[in-house]
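Asks: Using the hints, position chain U against chain X.
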Amino acid sequence: MTTVTKQEYGSPFRINWWARAGWLIAVLYVMYAANYLDVSLTRFIQGLGNGAAFLGEMVPPNFARWKLLVGNLLETVEIAVIASAFGVLFSLPVGLLAARNLMPPWITWPARTFVALCRSFHPVIFAILFVKAVGFGPLAGILTLIFASIGFIGKLFAEAIEEISLKPVEALRAAGAPFISVIIYAVFPQVQNRFIGFSSYQFDANLRNSTMVGIVGAGGIGGTLFAAFQRFDYDFLAAILISIIALVMVSEFISIRIKKVFQ
Amino acid sequence: MTSDQSASTRPSSLRSLRIENLVKEYVPGKPILRNISFKAEGKCSVAIIGPSGTGKSTLIRCVNKLIPPTSGTVFVSDENITRLHGSELRKARRKIGMVFQEFNLVERLSVMENVLCGRLGYIAPWRAWLRKYPGEEVDRAFELLDSIGLLDFARQRADSLSGGQRQRVGIARAIIQEPHVLLADEPTSSLDPKTSVEIMELLVALSEERSIPLIINIHDVELAKRFTTRVIGLSKGGIVYDGPPADLSNENLKEIYGGTDWLQ
Chain X
1 MTTVTKQEYG SPFRINWWAR AGWLIAVLYV MYAANYLDVS LTRFIQGLGN GAAFLGEMVP
61 PNFARWKLLV GNLLETVEIA VIASAFGVLF SLPVGLLAAR NLMPPWITWP ARTFVALCRS
121 FHPVIFAILF VKAVGFGPLA GILTLIFASI GFIGKLFAEA IEEISLKPVE ALRAAGAPFI
181 SVIIYAVFPQ VQNRFIGFSS YQFDANLRNS TMVGIVGAGG IGGTLFAAFQ RFDYDFLAAI
241 LISIIALVMV SEFISIRIKK VFQ
Chain U
264 MTSDQSASTR PSSLRSLRIE NLVKEYVPGK PILRNISFKA EGKCSVAIIG PSGTGKSTLI
324 RCVNKLIPPT SGTVFVSDEN ITRLHGSELR KARRKIGMVF QEFNLVERLS VMENVLCGRL
384 GYIAPWRAWL RKYPGEEVDR AFELLDSIGL LDFARQRADS LSGGQRQRVG IARAIIQEPH
444 VLLADEPTSS LDPKTSVEIM ELLVALSEER SIPLIINIHD VELAKRFTTR VIGLSKGGIV
504 YDGPPADLSN ENLKEIYGGT DWLQ
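So the sequences go chain by chain: X and U.
In this text, residue positions in the first sequence follow the working numbering: the first is 1, and each later residue adds one.
In this text, residue positions in the second sequence follow the working numbering: the first is 264, and each later residue adds one.
Because the hints were derived from the structure by calculation, they are not lab data.
This one's a predicted model, so the numbers in the text were calculated from it and none came from an experiment.
Just to be clear, a hint being listed does not mean it is correct.
What the hints assert, rightly or not - Below 35 Å or equal to it, Euclidean Cα-Cα: the simulated DSBU-like pairs (lysine-lysine) are: (1) K167(X) / K302(U); (2) K155(X) / K354(U); (3) K328(U) / K155(X); (4) K354(U) / K167(X).
Excised from the complex, chain X in its bound form (with noise of 0.2 Å):
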């Protein structure tokens, strides 16, 4: 038998220190930031029987004053709606003079910034802004939402117009056409059927959104929703929530269809 010397190759991964120092500090603050802030499971445990109380008030949900909370859901719809139609309405032209192989920097600069304007806070830092600016009720929602939505799709569009194939639209100016033309004929049904989708999960996230900007008097179903929870009306709380659910729901099964209609 022949011996054999088996060659010393070393760890075959390299070791990196500065992850698992990353790894170890990060360790340490979620348990020094938990105790600070008094996380604790004796906390959360007594929580859970508050909570088992609370569900227990909500039970049997109140529909009794079904009048206001049918009222207050067709309003979110309008607010939903509205917001909807027209924030995919400017998303449009934002999104196109955002996209920047069409355009050129000193329009795109702009209108990305709008955008990443728009974006920045959450809608119920608009709600507040606006129901300051407009006063309480639907307007103040639905200016909430337009923005929300600019925010939201304007950037989708502004990228999808980006993944464009632009050989067509060499086709079509080196025929001549003007640019709406091109736009038109070039652009826009290259990316139709995404910005169908994107308006649809707007839409979606408009009426979800629009159930909540009530809570700061802009509108909706939102402010019945806290004035119960206030009161301490319970099951009627439980009836609102309940609705909710069952018009997202309905919104769904809407947007599926309407997907299919344009596949």
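Replies: Chain U alone, transformed into the frame defined by chain X:
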């Protein structure tokens, strides 16, 4: 038919393309096209051959100013294209038909809509949006589709067509512009040999029928010799051969492409 002739041109009723002293530099001091001059007039088909990267595509894109030339002048039927901007340039581009290597159709639009794209320069955007084309233009589009054997496909989406069929649509889109010059940028490079021959036949036939000068960028020398009446050889950004295809010798080809191993 070179620059010395084109210097003393009189206005003519023939459709024509005249290029004078065209220079293009992407990087200052490094011209990709050096002083190109030639003229093509009436019923003629010109093949521009040359190795990849020698500026063939740049040359034909300088004609319609998709790429602005650094210096020199381009005349289409005696109209100076080079000095035009904005809407004037747009109007002039209607006189220049262009066919592309990868067809450049709008895949999601129908064949008919793609053909009518060639008329977008003539109608207002809102009419185009509503598909309100003048009746006689639609009739002409149908006739054209019929003549290239695609009438039955008029309402189908362009992405349902084969490569050869798509290129036919691309050619119809250029022809319906009623151009004064037809530019084709490697029109057969994405196609199989049989379809390539059919496409070349169609291009030459349509341009002769309508007396539109045809300029074809092509790297297939055999196809060029077979179908065109004149060959321009480009090498290192300059014209090194300009004459009938029959006179194109192996010596010329060696000068254009360099090396001899590929010649048999």
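Asks: None of the hints should be skipped; say for each whether it holds.
Replies: Here's how the hints hold up against the structure:
1. Pair hint K167(X) plus K302(U) holds up; C-alpha atoms about 28 Å apart against a cutoff of 35 Å.
2. Restraint check: the Cα-Cα separation between K155(X) and K354(U) comes to about 34 Å, which is no more than 35 Å; the hinted pair holds.
3. At roughly 32 Å between alpha-carbon atoms, K328(U) and K155(X) fall within 35 Å of each other, so this suggested pair holds.
4. For the proposed pair K354(U) and K167(X), the alpha carbon gap of about 20 Å is at most 35 Å, so the pair holds.
In summary, the structure agrees with every hint in the numbered list given earlier.
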